[in-house]
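There are 4 protein chains.
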Amino acid sequence: METLLTDPQKTRYQEFKEFVATNVQPFVEQWDRDQRHPASIIEQLGQSGYLSSTISPEYGGKGWDFVTYGLLNEAFGRASSALTDLLTVQTMVAMTLLKWGTDKQRGQWLTPLARGEVIAAFALTEPGAGSAIESLKTEFRHTNNGDTLILNGQKKWISYGQVAGLFLVFGKLKERPVACLLERGIAGLEIEPIQEMLGFKSAGLAKINFHDVEVPSSSIVGKPGFALSHLAPVALQYGRLSTACSAVGLLRACFEESVLYAATRQIGERTVGKIDMIRTFIAKMGADLGAAQLLCYAACRAEDEHLPEAFTKILVAKYYTSRAAVRAASDAVQIHGASGCQESSPVARYYRDAKLMEILEGTTQIHEQLLSSLFVDQAAQLKG
Amino acid sequence: METLLTDPQKTRYQEFKEFVATNVQPFVEQWDRDQRHPASIIEQLGQSGYLSSTISPEYGGKGWDFVTYGLLNEAFGRASSALTDLLTVQTMVAMTLLKWGTDKQRGQWLTPLARGEVIAAFALTEPGAGSAIESLKTEFRHTNNGDTLILNGQKKWISYGQVAGLFLVFGKLKERPVACLLERGIAGLEIEPIQEMLGFKSAGLAKINFHDVEVPSSSIVGKPGFALSHLAPVALQYGRLSTACSAVGLLRACFEESVLYAATRQIGERTVGKIDMIRTFIAKMGADLGAAQLLCYAACRAEDEHLPEAFTKILVAKYYTSRAAVRAASDAVQIHGASGCQESSPVARYYRDAKLMEILEGTTQIHEQLLSSLFVDQAAQLKG
Amino acid sequence: METLLTDPQKTRYQEFKEFVATNVQPFVEQWDRDQRHPASIIEQLGQSGYLSSTISPEYGGKGWDFVTYGLLNEAFGRASSALTDLLTVQTMVAMTLLKWGTDKQRGQWLTPLARGEVIAAFALTEPGAGSAIESLKTEFRHTNNGDTLILNGQKKWISYGQVAGLFLVFGKLKERPVACLLERGIAGLEIEPIQEMLGFKSAGLAKINFHDVEVPSSSIVGKPGFALSHLAPVALQYGRLSTACSAVGLLRACFEESVLYAATRQIGERTVGKIDMIRTFIAKMGADLGAAQLLCYAACRAEDEHLPEAFTKILVAKYYTSRAAVRAASDAVQIHGASGCQESSPVARYYRDAKLMEILEGTTQIHEQLLSSLFVDQAAQLKG
Amino acid sequence: METLLTDPQKTRYQEFKEFVATNVQPFVEQWDRDQRHPASIIEQLGQSGYLSSTISPEYGGKGWDFVTYGLLNEAFGRASSALTDLLTVQTMVAMTLLKWGTDKQRGQWLTPLARGEVIAAFALTEPGAGSAIESLKTEFRHTNNGDTLILNGQKKWISYGQVAGLFLVFGKLKERPVACLLERGIAGLEIEPIQEMLGFKSAGLAKINFHDVEVPSSSIVGKPGFALSHLAPVALQYGRLSTACSAVGLLRACFEESVLYAATRQIGERTVGKIDMIRTFIAKMGADLGAAQLLCYAACRAEDEHLPEAFTKILVAKYYTSRAAVRAASDAVQIHGASGCQESSPVARYYRDAKLMEILEGTTQIHEQLLSSLFVDQAAQLKG
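Protein chains in written order, with my numbering: chain Z, 1 to 384; chain S, 1 to 384; chain H, 1 to 384; chain W, 1 to 384.
Just to be clear, a hint being listed does not mean it is correct.
Said to hold, decoys possible - Listed below are the simulated DSBU-like cross-link pairs for lysine-lysine, each with C-alpha atoms no more than 35 Å apart in a straight line: (1) Lys-174(S) <-> Lys-274(H); (2) Lys-207(W) <-> Lys-17(W); (3) Lys-284(H) <-> Lys-99(S); (4) Lys-274(Z) <-> Lys-223(W); (5) Lys-10(H) <-> Lys-284(S).
Treat the hints as calculated values from the structure; they're not laboratory data. Fair warning: this is a prediction, and the values are worked out from it, not measured in the lab.
Based on the sequences and whatever the hints tell you, model everything.
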């Protein structure tokens, strides 16, 4: 894939990898055991500008293109799916504000978000809904004077909900979908950490309960009624792309660990890499990695060029890479044998983390429904 | 499968399931978190006779047939792969002693093993060998007078090594493979617990180091030179069968949890079970479960009938069921969505445990080599 | 599987295999090229009683149990999926008549069917319906006096429609599903051979058109309204079981050809069977074959014992074996390399025939819908 | 993929597709049945310059880049794998001559090859060797005076061997691998057509026997000893790339036929595309198509840029696309149901043709060996 990159993209990718090698890789297993990140790494991310990669420079952001954003996620995904998930959600909220927020909302929030002084959470998913976003039960209602809204409901599986300072909450106001900003510490906002996840252990997932939370009407982002049709899609576009590239990072991790193990680990007289069945795994993993990288690159570039097919390409990228990551992680454990079944080997973590990628930001099954509809409708139109 | 069972087999299977429902299922998640079993459950197993199922009554065992042994492992595997692994190793050592031990060895050990007063560990695998058992590095050598042996070497991934009172250790004595009994507490025997496994967390895995351990020559089991050709195969036969049936239990667990979830869990307007992609998963899982049960039954029965094809059938059973368990666990998590990615749902544990079944008691790849050789050699003979 | 058979079942299975080796295997490639069977083999089948295997002795049939019927189909499926399909459809029609026909219908047709003097076709599928049998468009209507019915409509993919003397035709009479017997040669009955099938080339598939065909009301089989709910299920039960066992035969053919090739074919210095990737194929194929045989055996036996779970078990058997046959045929071609891509090697034919097994007698997708509904409904009932 | 193309590449791709739509698509089923191509289409190919796409203009060729060559193969592969195979072999021989031929050889042959006046065959594979090219048995020996060589041996599975006017034959001369040009009609050259292939039916495969064929020493191409290390790799590079792109064409054909069918075909009340299981197939096929196109594009471009990784990328492209084509063809048949099992539907042909792509120009297994060695050796070097 690298041959398709511009020189600045290559340079930044190199920087990303170095940052990760120094500041992430050595600590990631400890963070996984702790089920949290220390404040210091989040500060470092803020200072490096990596939390502001797509925020425009007027708000102190880097304003990088999508390809660069993809490379950032890939480089971080190589070491830690959970930490990359912070890039995912921070960007999802920031980009929604950048595109749909009022001047005041942007002025207030984008710079602290860009600097990592505030962590954002994207509060869409509800306990009873899974990926079926249209059936929101969280409810906003007007108080008598209309300047204030009362919020009740529940959100679940909210990444970085445990530490977020700002929540973008989706709900319904008189049956119209709305999204609204909420600050941590507001009365009636209750945050329950979700512990003991299979993967993404340090991503600070939380369940969030709203008990008659009062918010000023000015906290609404975008026009009431447009939250699911216009706001969420912007956020999800970034979310899927980030997850897709993070999955490529994990796939590369599996591949690199596996070929290294195969090249050096002796079983009896021969190295593991001489066992043909292992070779089949490695060939498949390498081919999948190549395909996954190119699909992500093509998706990012389509988004950079504002092509209408960007939406489909991002779905394809998330769909393909998350499944390939699951296969690769399972095969990487198999290649490592018993050593791969101990958490001191990173492949055990990849095996746990990869599975969540088939579920986060839209399950594989949701992607199959969306993609097949897009493909079939297109054919129907051509025919019709 | 149940229609193929005899009445006593059915009755016992029912008893096993009741024991598990009462004494195992409610506690298994705690044990997994603790990475150990309490002494009480091991005592209960001893008292119930479940650790003596294949030991002959003359030593206080149940002397059950292989089909019943298989059902026992399936019933326990439904709840806990890690605890079932205790049935596996206890039986592996006991049956090796029963068949190849001296009268004195049998008299001394089989009754305490049957009662669970002593836990046994099967110490074959070495750090540098994986499934390649022929390349043992653990070494026995005679002292000058010949009555005593000095043992040096290392073993790894030894299930229940943390708590075992008796070790059956394989090594080489003047290039001839030997197996030898060792008691816990003997000088020079060092046991390092292996923590943080991906799965089988409470199975007490250990690394074992031998530093000039002195054992009397009378501790050798079987004839020197025959340890790998005659002793290990007996043990592995039981080990594979136990693992195969345990995998069927896990597969049934995935299936039962998944259909229950599909039947009851509402996503928006419909239950999960109405989503066709989920239906594909469920149909595959149900068919795999049916096939896995029958392969195990046929393997057990072939062993009961002393058929020459029992060896192949047990390999097929282990090979098929462990892979099917991995598929089923991955699909069960997918069916459960985000809920399946939290350890409060059992399917997250199944996902972690299942993967080890493709590695323990011979990896999938070793099984492919053994099976294809058997099949091809047979064809070559018919032709030749 | 053979160890589970009774002695008479074993003996007959041996006879079936000998008949096939002598009378089918040597000619099957020629029949495939000709896209038809010679009359002589159908006569032989009639004389041997193999077309009457499940017909009761009172009509000159063998009255064998289901396990024996399964073995018959397996033995024929080893050589020719297309010829086995004759056993399938002859039995489907005969058994429907035996169970639901009037005395007169049974008296008239069962003996000639048992003897192979008349070939029967099961005319259910329509051009626009695929496996969705509830949406029949073929229409019966009464003439004025009511003694005669007028039939209009179309059927497609009717096995042995080219040569059948008797058709069991499904349609609607005043919106009620009915089934009716039709003899070849009747006015208005038009038979169009379907040539150039991908597989099952000699199974004589036909499209059948009915243009104002007049039939006496006494030709209706069973009670009007019950054709889809009571008659078709009886036939399909036999049809699926026959196809499942035929698929096991094909799977065994792939396995036997592959291990023989692997054992004997030299590539450079070593036999194909020494290539590990080929070994993976062979191990999988052997395990699948074992599983497929047992699932068919269990399904047949459940039917023999009139167990309520027979319906599910037969669905599982057809679902599993047809997919396993497709995998095995693809791997068998791969093992044979270029030689397997030429029709002079039987594996090329298996590759073509196997794919139809995923479509005939209910597609894989229909099976997934039926099975998951059965599994999930069961769980819902237990819970509810 | 198209967004990555230059304008001239896009224009040519459009022309290729139009040529195929007019001159190939309408006739391809007839050619398949006939097991041959009419002379007219080969003439047309010659006139259009499509047989000379990579030959330099000095010999009357187009001298197109690799990306354009890939697009040409993709466009033809959409309609006919067998005809695309002519582009494959003609290019393989022409490019070998262009790079390694003497001035005289190039002067004599390249222009007629470019014009399609002579069809070339690449005669490497032998009956007993499969993809193991190092074990050639075809033998050249010098006559007494040394100006003439005597050739004996056999070649098999030689595409377009039935009609070729020029053969590039590989063999051994005093244990050194050599390649040599041979004209049709020379004494002792015997050509046996291979009929009844599973797929690629019109690609004119032949077995070729050499009985004391006399050739002048000047017919040797390249330096003796270098035929396998230098000549064959050049040819195989083009052959694999052509096959990879042809497989993408077949994959696109499966996808386009399937979405069209899903969009328009009614089963009962709904279109096939509304069935979720079909949607899973379509989503997978679409994602695979996207990945396959990008892998081929990246491989072509790496070759155009003379990157060292081009070799690996081309292997990955062939490995990935041929397997994806097999999956897609099987799913396309399944989507089409019984209609897809009749040769009047193109998907039946795709199912037959696709399988050969996993075998031609190096089997999937050979690719796994090559790729894993490349990957593992690289890791070993980085480590070492």
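- request: Please work out if Lys-284(H) and Lys-99(S) have their alpha carbons no farther apart than 35 Å.
  value: 33 Å, holds
task: Compare the distance between the alpha carbons of Lys-207(W) and Lys-17(W) with 35 Å, and conclude whether the hinted pair is satisfied.
output: At roughly 33 Å apart (the allowed maximum being 35 Å), Lys-17(W) and Lys-207(W) satisfy the hint.
message: Check the hint pairing Lys-274(Z) with Lys-223(W) against an upper bound of 35 Å on the C-alpha distance.
response: 33 Å, holds
message: Between the alpha carbons of Lys-174(S) and Lys-274(H), is the straight-line distance 35 Å or under?
response: Holds, at roughly 32 Å.
query: Are the Cα atoms of Lys-10(H) and Lys-284(S) separated by 35 Å or less?
result: Since the Cα atoms of Lys-10(H) and Lys-284(S) sit roughly 31 Å apart, the hinted pair holds (cutoff 35 Å).
Checked against the numbered hints above, the structure violates none of them.
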